[in-house]
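With chain A's structure known, arrange chain B on it following the hints.
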Amino acid sequence: MGKKVLLIEDEPNIIEAVSFILSRDGWEVKTHSNGHDAMEAVRRRAPDIVILDVMLPGKSGFDILGEIRADPEFAGVPVLMLTARGQTRDREMAERAGASRYMTKPFSNADVLDAVRALAGA
Amino acid sequence: MTVLNILVLVCLLYVVLLFTVAFGADRAARMGRVRWLRSPVVYTLSLSIYCTAWTFYGAVGFAARSGLEFVTIYLGPTLVMIGWWWTLRRLVRVGRSQRITSIADLISSRYGKSNLLAVLVTVLAVIATTPYIALQLQSVTLSFAAFAETDPTATTLPDMQSTALLVAAGLALFTILFGTRNLDANERHHGVVMAIAMEAVVKLCALLAVGVFVVWGLGGGVGATLERIEASAIARFDVSAGRWVGLTMLSAMAFLCLPRMFQVMVVENEDEDHLRTAGWAFPGYLMLMSLFVLPIAAVGLDVLPAGANPDLFVLTLPLGEGRDGLAILSFLGGFSSATSMVIVAAIALSTMVSNHVVMPIWLHYSGGAAMVSGDVRHVALMARRISIAGMLFLGYVYFRISGGGTALAAIGLISFVGVAQFLPALMGGLFWRGATRTGALAGLCVGSAIWLYCLFLPSFGASVFMSEAMRTTGPWGIGWLRPYALFGAEGMDPVLHALMWSLLWNAGAFLLGSLLSFPQPLERLQGAQFVNVFDHSATPGGWSGGMAKSEDLLIMAQRIMGAREAQALFSAAAARQGVAGYLPEPSPDFLQELERELAGSVGAATAHAMIAQIVGGAAVSVRDLMAVADETAQIMEYSSQLEAKSQELARTARQLRQANETLTQISVQKDGFLSQISHELRTPMTSIRAFSEILRDTGDLSPEEQTKYAAIIHDETVRLTRLLDDLLDLSVLENGQVNLNVQSGTLEALLDRAVRAAGGEGEHFIIRRDREAEQVALSTDLDRLAQVFINIISNARKYCDADPAALSIRVTVSGDDLVVDFVDNGSGIPTDKHAVIFEKFSRIGETKAGGAGLGLAICREIMARLGGDVSYLPGQAGAAFRVSLPRAAQMAAQKAPGLAKS
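If you're matching them up, the sequences are chains A and B in order. Numbering (numbering that gives the first Met the number 0) for the first sequence: 0 to 121. Numbering (numbering that gives the first Met the number 0) for the second sequence: 0 to 901.
Pulled out of the complex, with its shape left as it was, chain B reads as follows:
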């Protein structure tokens, strides 16, 4: 086997290992074993995606070209981690309390949940990150090529383009598999984070191993190596103080603003305290990464022939010495650096693109309403998956167009300056309450325009986007507009030149725009929440839910979060408010909580817009207040607090009224109980008495008439008996004197029996079941449970007004409960009846379908005896009943042997 073949094999094995680690971590997280996944060490290691292939290979190249300057790239983040610890903590706190999904989401959320800002940040981030992804692809292909060159048996050189395409496709697959498992971008991607942490270890080990080899294997020990460094060109480089400070600042800014860093540092953060560990551990990691950069550069320059690409010294040094094993390890280190960066960057950017570009457009064109039926989760997930593939494809296209010529470090710095444009809006938003949306927009626009003009576009080389003449003499010959010498600032380094002008103008426009414009109420509230995040994490909300309909909110939430999560959230909120069922009072607190939950899935701006659609112009009243009284922010917040208080009083009054109404309703029902029993008994007795008198007194009845009348008497007697049975059953159940007859069986068999007893399916009545999900072993009173199922199925058969009526029976295991939902496609039960349908003698509608209205009351009593519950499930397509049974009533949910999938 040739080295190249081994390399490919090792590569494949490594990828398999990555998948296994990610899969294992995801699985462990799902099974609740998350303690070790949540350790601060994993968090610190995940931060190491800062060290991309650029750092792994490029730092040595950087050192070989410009001496000690490479240290700036490590110095910036180190200063941030140690000196700006409190800023990071604030960032993480804000990110967690507002359920921020990306840096675009954070900036948009701070400035009044403006989607325009989010779109701007997203576009800029995509532009700045694409070259960076291309850079990673390039580093992998270059290192492959380095191997191929030394391999004498390789007859054909591997095609660089196809290697890059393969790598891009593989990374897209991995990211889609592990990065888009759940919609809630705020949920942790345990698999991805774990894989990245492992890659962090691999790349560090690889670099250290190469370093040790170079110092002791090639350099002849520490002393000799130091002498070599002293003698090499590296020591003679003149480090300009300006460039040193500038690059350090630049890397510090980029560390805060890079979308991928934001993703691992804020979005994936489990615990604020992890920052404490990362505060010293991450600089330590960076120090180890940079430890051997200088020796490798010096020895490489010494040993390898002149003209060898210094960016690949880490690889070519061991290769040149015939240390294939070490070279492969070093290759894996570079591979790790490249893949981990691409994966996280793709996740971060796809979240931004889908939340701020695709979802708003989709919501707008799908009728603009949050109320359309159907699940939007698949739309959001699909958008995210397509964006991931799109990002990697863009990176590949950039790689092809640029031809992979530029030195690695140059592309990295260009990207850094691009994302640094977020800094004024980001920091201003965190520390200055006066910062406004207008200011942020102005700063971002001006800054990114200058960056594009002075650095990004010229970087493509002469006459791609910018003619040579334009570069040397300026557009239309205007000298002070030359991209590398703006406003006559000649002789500056292009990166520093662009950094200085873009940030100066960005910050200037931001300050001026903020001072000159007046913030919207929502901006003020959000500003207060961000700036004073440590004083009050909960502040007066902007929502007043007087007009909101909880059921509409539930329907919307179900579509975005999934039915089970939404129902859990709503019923928990309802329980906290002391309301039974699934529909809590739409209090400001609840609406704010709901908005944050939704923001975790679709971003703050979209979530805000969706709730606003249902709740109506709640924020408007605050704005009116503001317009009338030109007050300070504090007074405004105070008055909005007062407003919230008075709304709360109104709500309490409404709750009291509701409670009173329910009591009255129940008392009326109690009053009517005797009269109901009387009616239900007397009606069949009337027919019996009348027909028996007819049979007795009429002499000339035909035999057919006699039979018919006797049959009526018989049927009415049966009806009477059934009624008495039901009444006795209910009374026994209510008095708790019932003996349970516990048997074992499967849910499937029980449902079969119930469907049969309820009359089975027919032309006008279809039952949809999922037999696989029904393979649950039960150990409970099966007869009683069947009675409940039969009742619910017959009700659907009798009352569902669709044709054909279709009843879906869905089985899920939710937490500690086995849940069986019966959902039909009819028009459902009106909200005001939900509370009374389980009462005795309550019949929905006036139609007499033969029942006495005791069925559901009996069902409720039975389920209470079995330790479960039966309830009406609002917000479904039609009428929906949920039967839940505690897990104890199943036999550990094990599949019944021999019954699985027949």
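Here chain A stands alone, though its shape is the one from the complex:
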């Protein structure tokens, strides 16, 4: 344990909730709240897992995911995508862009925890 999660999300309350759930489970949680320099945050934090929202100010989550996958150093990092739109088209786009897991808001806390654990173990 003690692995590092980077949460890229712009809603302060959701950040707070996810941070609470994961840190109680022993994760080290770093957060970042805009799209412009999300990739720099990934490089700086070098996380074990990235949790990525789709609608971010400055840049879409899909674009950021593309950048992560394009970077040889982080191409293999598991990425859990969160979306509030919940349309099948989004799910397809996420899968095509290389998302490891895809979850629709609102989610149950247990599901997030399970997903993160599963991705970390994979």
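Simulated from the structure, these hints should not be mistaken for laboratory data. Please note that the accuracy of each hint is not assured.
Claimed, not checked - Straight-line alpha carbon distances no greater than 25 Å define the calculated PhoX-like cross-link-like pairs of lysine-lysine that follow:
1. Lys29(A) <-> Lys3(A)
2. Lys797(B) <-> Lys832(B)
3. Lys707(B) <-> Lys29(A)
4. Lys58(A) <-> Lys832(B)
5. Lys58(A) <-> Lys707(B)
6. Lys58(A) <-> Lys29(A)
7. Lys29(A) <-> Lys2(A)
8. Lys3(A) <-> Lys58(A)
Claimed, not checked - Not everything, but these chain B residues come out facing chain A in the computed CB check (under 10 Å):
9. Gln675
10. Arg681
11. Thr682
12. Ser686
13. Glu692
14. Ile693
15. Asp696
16. Thr697
17. Lys707
18. Tyr708
19. Ile711
20. Glu715
21. Val717
22. Asp782
What the hints assert, rightly or not - Chain B residues, not near chain A, derived (Cβ > 10 Å throughout):
23. Val118
24. Val357
25. Pro359
26. Trp431
27. Ala562
28. Lys644
29. Ser778
Glycine is no exception: its CB is placed at the ideal position from the N, C-alpha and C atoms.
Positioned in the frame of chain A, the structure of chain B alone reads:
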């Protein structure tokens, strides 16, 4: 009370009457009662400024000195009005279709909107008019002095200089007050024209009254008076045919070219048809004015002691007989003639000076750009006011220097010859398409130089500007350069001599220069418009607006015409093109219209230069075309028409593309609507679900954490509720099922409430209001209107990126609408977003400031229900929203009692 005191009192009363008439007419015009102001009678009477104090007093003097010759001064204009009616009509048509502001503007506009020509004409006009203004001041002071002499109780004679200064200052004040109300010189000065019309009646009545008195009171009836004329020296004067024809021609030319005549005849003209009435009525007026000139001159010579100034017979005859009342009336007649001429001349010249000299210089030095922010109207108006004061001051200085000695008529004729120099360029421009700028410049320069040398400078008397030796033997002893006998033309009358040589050389240089030079494309186009003004009043324009930015044009137009006028012009043009909002497509038609509107304010040359600055070198393509194919003007115009057509096609294609883009954009937004709603609902629900699970599943939460998480759940629930409220509100509004709850209140109270609800002012947010303008009683759904105001104010608070952010709330009543503008000082909203900000879920920028992007969409729906509109106002300092409400929603715009100015 002495006669002199009564005279001063009457004078003051008369001035008060003038102000009242002018004020009343202006007021009536503003309230839309212009029918009687626009009658042909008023137009005809206003033309009578041709009869200045020179005519009023001087004609009798003229007759006493040289017999029937005085008739020439009336004969010239009469011939023009009757025989040249079609020329005048052409002049007026051109003036109106090109929105000409002065004779300098007309000549510059015809010759390719050349400012150099305009400056030349302006300078010449100022030189020629200054003595004339001095002449008017002199006549008023002389007539004052005549009264003082007969008044035994007056211990001290009134100081001539101070009388003149007072008169000059008073006239400057009147002219500035009523002549510079609006910047658009092409707009009618109803107040001034009405006052002049009244003065025309006063001077005619005065002269007729004196005439009747002289013939029946002094002369002993018509028969006896005719005998006196027969017996007097007047009948024995030998009228030289040459001088007779020359003076008649001269006065005819001056009638067309005098800046003040141009002002009343062309610029102030309301309706071309008025010329039809003036064509017979004005000669009739002149005939009445000249009816009693000979009897007064003859009886004056007979009755008054030898050596009495014949220029003042009109005044001294009744005075000598003790008819003080009649004398005062006669004085008022002279006073009227003098003041009306000075007022109009000052308006005409100040327009020329400010448009062609001050504005170009100011534009050049203020960075040369038409895009600098700020209003230029005050600059132009100030320039015009200062020029008026300057003109009158110049006239006063001339009066002081010349000492007021020369006979009145002499100065008048000198001025006439000066302005007659405009004639070749003016007539050539109206009738000959081959006339060019080079020709006009050459003619004007040569003609005015000869006039200055042969007539104007020598007129100051020996050794002021010209030594006696130079006059009698010529400069450096060259005999054929003598100013009064140029090229050996000896023994001629100086006026005729100068007229002949100056016009001969002027016309010669004009013809030769025009034939030898090649006109610029713009000159050709303007030439065609002037010469064929009756065939096609609208011709292919020189503008192609492909690169022009409508918003830049709007910003410029707002600075020159004023925000409201410019916005009205732009939105009308946009409506004609079928485009919504304030920014029409910059088509050649629109650009031409805009240029003409601007020309009405700043003159053709400046307006052209300003538009060229924004639109870019549109005329260049036409010129290139010309240079390559040395074609005739017709072919060139045809090809420029073709070019315009192809540009129009390109524009239509662009409009179609734009329409398509808008449709696609809207359809994408419709597609995204559900996904948006989903997102807006799911986001707060995520927080609610996550924290309620935390509260449920986590056993060891501290009380602070419990409170905090419960508060988050609570806030998110509120947010969710608000979103649902907005959605329902919007849906109700869109379906038109809303019931309006009409209440009454003042706009001020409503804005107070909205400002409070939007969070009020703070250190970083300032609101500027004009409480006086907000005293408007409203009767509408106040809650709904407040909702709109709150939304706009909170948006400014949230999104305005200036620090401190300042929001100005401006209230105006525009036409049938009450308009409330909200303008902030931030960086505004990019032009490409103007069309979509009122759409649902549209947020400017990516920042999430808590809103769902429904606010403006709701505002738009509300305003539609209230019968008004809310729109984005481009071309302001920052983001600007305009809320307009039909007048029906106010209670006749009456001020709320007890609320005015607390």
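Hints, one by one, checked against the model:
Between Lys29(A) and Lys3(A), the direct Cα distance comes to roughly 7 Å. Compliance with the 25 Å bound is thereby established for this hinted pair. Only pairs whose Cα atoms come within 25 Å are accepted, and Lys797(B) paired with Lys832(B) is accepted, the gap being roughly 18 Å. This hinted pair checks out: Lys707(B) and Lys29(A) have alpha carbons roughly 21 Å apart, not beyond 25 Å. Restraint check for Lys58(A) and Lys832(B): satisfied, since their Cα atoms lie roughly 19 Å apart, inside the 25 Å limit.
Note on Lys58(A) and Lys707(B): the hinted pairing is violated, with a Cα-Cα distance of about 31 Å set against a maximum of 25 Å. Using a Cα cut-off of 25 Å, the hinted pair Lys58(A) and Lys29(A) holds, with the two alpha carbons roughly 19 Å apart. Restraint check for Lys29(A) and Lys2(A): the C-alpha separation of about 11 Å stays at or below 25 Å, so the hint holds. Taken as a hint, the Lys3(A) and Lys58(A) pair is honoured in the structure, with Cα atoms around 23 Å apart against an allowance of 25 Å.
Against a cut-off of 10 Å between C-beta atoms, the interface hint on Gln675(B) holds, since the closest Cβ of chain A lies about 8 Å away. With 10 Å as the threshold, the beta carbon of Arg681(B) comes within range of chain A, its nearest partner Cβ sitting at about 4 Å, so the hint holds. Among the interface hints, the one on Thr682(B) holds; its C-beta lies about 5 Å from the nearest C-beta in chain A, closer than the 10 Å criterion. Nearest Cβ of chain A to the Cβ of Ser686(B): about 4 Å, under the 10 Å cut. The hint holds.
For the restraint placing Glu692(B) at the interface with chain A, the shortest Cβ-Cβ distance is roughly 5 Å, inside the 10 Å limit, so the hint holds. With a cut of 10 Å, the hint placing Ile693(B) at the interface with chain A holds, because the nearest CB-to-CB distance is about 6 Å. Annotation: Asp696(B) was flagged as interfacial toward chain A, and the flag holds, the nearest CB pair being 7 Å apart, inside 10 Å. Below 10 Å, beta-carbon pairs count as interface contacts, and Thr697(B) has one with chain A at about 7 Å; its hint therefore holds.
Below 10 Å, beta-carbon pairs count as interface contacts, and Lys707(B) has one with chain A at about 9 Å; its hint therefore holds. At its closest, the beta carbon of Tyr708(B) sits 9 Å from a beta carbon of chain A; the interface hint therefore holds under the 10 Å criterion. Contact between Ile711(B) and chain A, as hinted, is supported at the beta carbon level, the nearest pair being about 5 Å apart and thus within 10 Å. Given hint, Glu715(B) at the interface with chain A, holds; its Cβ is 6 Å from that chain's nearest Cβ, closer than 10 Å.
Annotation: interface hint on Val717(B) violated; nearest CB of chain A at approximately 12 Å, more than 10 Å. Against a cut-off of 10 Å between C-beta atoms, the interface hint on Asp782(B) is violated, since the closest Cβ of chain A lies about 32 Å away. Consistency note on Val118(B): stated as away from chain A, and its beta-carbon is indeed over 10 Å from all of that chain's, at 56 Å minimum. The non-interface label for Val357(B) is consistent with chain A: the shortest C-beta to C-beta separation is roughly 51 Å, beyond 10 Å.
The beta carbon of Pro359(B) sits about 48 Å from the closest Cβ of chain A, which is more than 10 Å, so the claim that it is off the interface holds. Once the 10 Å rule is applied to beta carbons, Trp431(B) is consistent with being away from chain A; the minimum gap is 67 Å. No beta-carbon of chain A is positioned within 10 Å of the beta-carbon of Ala562(B); the least distance is around 35 Å. Non-interface call for Lys644(B) relative to chain A: holds, since the shortest CB-CB distance, roughly 45 Å, exceeds 10 Å.
At roughly 44 Å from the closest C-beta of chain A, the C-beta of Ser778(B) stays outside 10 Å, upholding its exclusion from the interface.
Violation of the numbered hints given earlier is confined to hints 5, 21 and 22; the remaining hints are satisfied by the structure.
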